[in-house]
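Numbering-wise (numbering that gives the first Met the number 0), the sequence shown opens with residue 0 and increments by one.
The set of hints was computed from the structure by calculation and includes no laboratory data. Note that the structure is a prediction, hence the values are computed from the model and not measured. All C-beta atoms in this analysis are idealised placements derived from N, C-alpha and C, irrespective of residue type, glycine included. Some hints could be false.
Pair by pair, the computed Cβ-Cβ distance ranges are [claimed, not checked]: (1) Gly76 - Ala210: 49 to 57 angstroms; (2) Pro139 - Ala42: 35 to 43 angstroms; (3) Ala42 - Ala210: 47 to 55 angstroms; (4) Leu312 - Ala82: 31 to 39 angstroms; (5) Leu312 - Thr123: 38 to 46 angstroms; (6) Asn272 - Ala133: 46 to 54 angstroms; (7) Pro88 - Leu312: 38 to 46 angstroms; (8) Pro58 - Arg238: 19 to 27 angstroms; (9) Leu312 - Ala133: 33 to 41 angstroms; (10) Arg238 - Ala288: 21 to 29 angstroms; (11) Ser38 - Ala274: 46 to 54 angstroms; (12) Pro139 - Asp167: 30 to 38 angstroms; (13) Ser38 - Ser343: 19 to 27 angstroms; (14) Ala288 - Gly47: 35 to 43 angstroms.
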Amino acid sequence: MRNWMPILPLICLLACGSGSTQSTPPTTPPPVTPPAGGSFHVAPLVTGLAQPTALALVPDGRIFVCEQGGALRVIKGGALLPAPFVTVPTSVAGERGLLGVTVDPSFSQNGFVYVYYTASTPTTHNRLSRFVAAGDVAQPGSETILLELDDLSTANNHNGGALHFGPDGKLYVGVGENASGANAQSFNNLLGKLLRLNPDGSAPADNPFLAQTTGKNRLIWAMGLRNPYTFAFQSGTGRLFINDVGQDAWEEVNPGRAGGNYGWPGTEGATSNPAYVSPLYAYPHSGGAVSGCSIVGADFYDPATPAFPAAFLHQYLFMDYCGGWLRTMDPATGTVSDWLTGFSSPVDLRVAPDGSVLVLCRGGGGTLQRVTYTNP
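Kindly produce the complete structure, drawing on both the sequences and the hints.
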């Protein structure tokens, strides 16, 4: 994934390739039915974002939005500020660019903002950096490079980029396999992996592959992933779900497991191979009741102030870039339900503290949509 615009060539890229293990198509998911008289509303919060890729919520109410070209934009009080927080020099070919952002759990004390972007010097590679906030902009000269990832091939897709702090205080980073499945099974690079770092960029002493790796590869926490572009932790439980974008058949929601191998490129979709972690849920690119071509999202509905019907509490929310839909999954049962449709090329979402859901879309000129609910 991701299927950046123009859409058709990249859909072809996703749809074409070697065969893979097939799964049974899911049954038609039931719709989410609000109480009689209640209704959901979708409205733009901000427009005019230039090819947005990811967003993060700041504890003080601001919202950071990554633009692929390198600008980290700030939304404050519902308005897009004219000056970016920072603009990083980045390669923007294909799926490269400014791809991920998160803030430190102690942001109110240290002002740390972490970003993931494609650097073009001295060679093209993805980079994890930390900046220090000074109000609505970064302190000049405050960039600290925490990790220089492996050099990229001429393929400009499957970069990953998602950043989240886990409940253990560690920073987790999703990295794509740079369109080479063999990378996902190698301990000699960071591609096709989920990484786990201390906030200073060092490897935690309890990472699962320390005996098999050296140097920066000791950051590997899970492997066998194609393009884990989005993932989410559930507050309270610490449960981790990883969305992995498939090649020619299946999109996956995977359970996060330390030391897990998710099977790519040997398998796609459900697998009976005991060496691999099988997805909690997979949906096909075609031929099923639920279809799409590029899973994105994601978050759990556990806001500080719930504003949706009780049936939404603790649900996992995920979307598809091509299908433009938003669905829910019950983590306890794996039951998937239809919810909303009509989003234009969605790429990311967050559950806001006030209980609304924010959906970032590349379509419509680049918009941040807000989903709210009106009680009956």
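Handout entry: Unsatisfied constraints (hint numbers, rising)
Key = none
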